[in-house]
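Number of protein chains: 2
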Amino acid sequence: MDAHLKETQKDNRQVYTGHFLKVQQDTVILPDGKHAVREYIKHPGAVAVLPLFDDGSVLMERQFRYPLHRVFIEFPAGKIDPGEDTLDCAKRELQEETGYTAAQWQYVCTIHNAIAYSDEHLVLYVARGLTQGERKLDEGEFLDIYKAPLEELVEQVRNGEITDVKTVIGVFWLEKILSGAWTPPPRPAGI
Amino acid sequence: MDAHLKETQKDNRQVYTGHFLKVQQDTVILPDGKHAVREYIKHPGAVAVLPLFDDGSVLMERQFRYPLHRVFIEFPAGKIDPGEDTLDCAKRELQEETGYTAAQWQYVCTIHNAIAYSDEHLVLYVARGLTQGERKLDEGEFLDIYKAPLEELVEQVRNGEITDVKTVIGVFWLEKILSGAWTPPPRPAGI
Numbered sequence: 001m002d003a004h005l006k007e008t009q010k011d012n013r014q015v016y017t018g019h020f021l022k023v024q025q026d027t028v029i030l031p032d033g034k035h036a037v038r039e040y041i042k043h044p045g046a047v048a049v050l051p052l053f054d055d056g057s058v059l060m061e062r063q064f065r066y067p068l069h070r071v072f073i074e075f076p077a078g079k080i081d082p083g084e085d086t087l088d089c090a091k092r093e094l095q096e097e098t099g100y101t102a103a104q105w106q107y108v109c110t111i112h113n114a115i116a117y118s119d120e121h122l123v124l125y126v127a128r129g130l131t132q133g134e135r136k137l138d139e140g141e142f143l144d145i146y147k148a149p150l151e152e153l154v155e156q157v158r159n160g161e162i163t164d165v166k167t168v169i170g171v172f173w174l175e176k177i178l179s180g181a182w183t184p185p186p187r188p189a190g191i
Numbered sequence: 001m002d003a004h005l006k007e008t009q010k011d012n013r014q015v016y017t018g019h020f021l022k023v024q025q026d027t028v029i030l031p032d033g034k035h036a037v038r039e040y041i042k043h044p045g046a047v048a049v050l051p052l053f054d055d056g057s058v059l060m061e062r063q064f065r066y067p068l069h070r071v072f073i074e075f076p077a078g079k080i081d082p083g084e085d086t087l088d089c090a091k092r093e094l095q096e097e098t099g100y101t102a103a104q105w106q107y108v109c110t111i112h113n114a115i116a117y118s119d120e121h122l123v124l125y126v127a128r129g130l131t132q133g134e135r136k137l138d139e140g141e142f143l144d145i146y147k148a149p150l151e152e153l154v155e156q157v158r159n160g161e162i163t164d165v166k167t168v169i170g171v172f173w174l175e176k177i178l179s180g181a182w183t184p185p186p187r188p189a190g191i
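In order, the protein sequence lines correspond to chains A and B. If you count the first sequence from 1, position 152 lands on 152 in full-length UniProt numbering, and the numbers rise without skipping. If you count the second sequence from 1, position 55 lands on 55 in full-length UniProt numbering, and the numbers rise without skipping.
None of these hints come from the bench; they were simulated from the model. Watch out, some of these pointers could steer you wrong.
To be verified - List time: in silico DSS-like cross-link candidates among lysine-lysine, alpha-carbon distance up to 30 Å:
1. A:Lys-42 to B:Lys-176
2. A:Lys-79 to A:Lys-22
3. B:Lys-6 to A:Lys-6
4. A:Lys-6 to B:Lys-22
Build the full structure now, drawing on both the sequences and the hints.
Shown next, in the form of structure tokens:
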């Protein structure tokens, strides 16, 4: 049904390989037969964890994000290692960044955060039955963790204090889940 | 309060300048005094428009996004031109992509979609009092527009058919606005 929208790859090359970023430049054939260049970041994908305590409060992070030169309120998150299952990645990132482990894990949703210029996807999980332990941050990683009532986070989405997309979307989802309006869907195959 | 998290720029250089993407590589001083490299995309920012009809339905787009090789359901959106006001950009993009103009515009929120590797921000506006006109797509731009009830979009966020972050967040906001739970905030200065 989408033939009139579809772009087809003609050729491709990696035009930049940096420390972290890889830029791909493909020539595509447009729906009208003309050619165009599409340039985008190759990204392995990431996970974000919504760590929910039994009292309805949430484990959050505050982290300095250099590209925007300021501290963001965020859910724990991190990049998927090559070949890593997304749920294993979620468990690893939660433990590394916060020290917590969780007894129950539930898939929430998958989001695409920069569809114009990146192939990144983010997979969100809710983690419950939390137990505190020792965190082990990566070299060069600095972040604070704290516990917040969900109502505070909802208010911070409303008033613009929370602007990170995985965190905005995770807060909206937690509100839906905790109110009983939505049940998280089953985890799709291949995620 | 965030000195223990803050990273300070030591030097910077543009390491890749492509057709669309610019990659910046900065050396930073970490909170512990060590050095690290931060690599990120320089992006001018973008706007997204939530076009709301008087009957509560919404004007949407379907567009092929090459980095992910599939069609996405999206709100009208586009990059900010150099020096362009975000509201002017929203009006321009709505008209170019859909042909519609709007009598009333309201700021909704600002979001950051890739804080680990891009300085992009997206400014969302609600547009009401819509009047149909002629659209004028950019060269090489192909997209379908259609009208959908908000309930359909909410269901598509829940079931994973809508995964584009500006669209997920816009749908959650529209649900809050139309239910009367949230009033959009005033437009911040400098946006």
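Here's how the hints hold up against the structure:
1. In summary, the hint linking A:Lys-42 to B:Lys-176 is not supported, as the alpha carbons are separated by about 35 Å, beyond the 30 Å threshold.
2. A C-alpha spacing of about 14 Å is found between A:Lys-79 and A:Lys-22, which places the hinted pair at or below 30 Å, so the restraint holds.
3. Proposed proximity of B:Lys-6 and A:Lys-6 is contradicted: the alpha carbons are some 44 Å apart, above 30 Å.
4. With a CA separation close to 26 Å, the supplied pair A:Lys-6 and B:Lys-22 stays within the 30 Å bound.
Going through the hint list in order, the structure does not satisfy hints 1 and 3.
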